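Generate coordinates for the entire structure from the input sequences, incorporating the hints supplied.
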Amino acid sequence: TRTGSASMCSSPVSTLLPEECVGIEPMLSVNARMVNQAEGELFEAIDSLYVDRLPPSVAFILKRLNEIRKRCEQQGEVSRAVTLDTLCQWDTHSLRSLCESSSMLQVYDDPCSGSGEWSAFLVG
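Letter by letter, the sequence shown follows residues -4 to 119 in my numbering.
Treat the hints as calculated values from the structure; they're not laboratory data. Computed from a prediction, not measured in an experiment: that's the story for all the values here. Ideal Cβ positions, reconstructed from N, Cα and C, are used throughout, including at glycine. Every clue listed holds true.
Pairwise CB distance ranges, derived in the manner of DEER restraints:
| no. | residue 1 | residue 2 | range |
| --- | --- | --- | --- |
| 1 | D105 | Q84 | 17 to 27 Å |
| 2 | Q70 | C107 | 30 to 40 Å |
| 3 | E68 | P106 | 31 to 41 Å |
Quick look at the structure:
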C-alpha cells in the first residue's frame, strides 16, 4: 500500500490507486485547458509569422509570443497575457515539446545551425 495524499503525489495518473485519485480530476482539467490555450497561442503566433513572411524559427516564435503578450496586456486581456507570459518563460526544449505534441504543427531541426535551432511549420 502506498502512502501520501493525491495533492502530494508525483506518480502518473495511470498508476494511482483509486483512493489517490480523489481531487485530481479538476487539476487535470485545468492543466489540459492550459495546454490547449498554450497550443492555440502558439498556433496564432506561428500563423502570424507566415502572414508577415517570416520563418517560423524558435527565435521568431518566442519574439512573436512576447509581442502578442504585450498587446494582450495593453488591451486588458489578462487571461491570454498570463498564458503568453508562461509560454515566453519556457525554455526552447519545453516549447519544442509542445510543438511536437500538436497535430497542427511539424517541427524540423535547422540543418545550418549547430546550436539546436529548430522551426515549427503549420501542417496542411
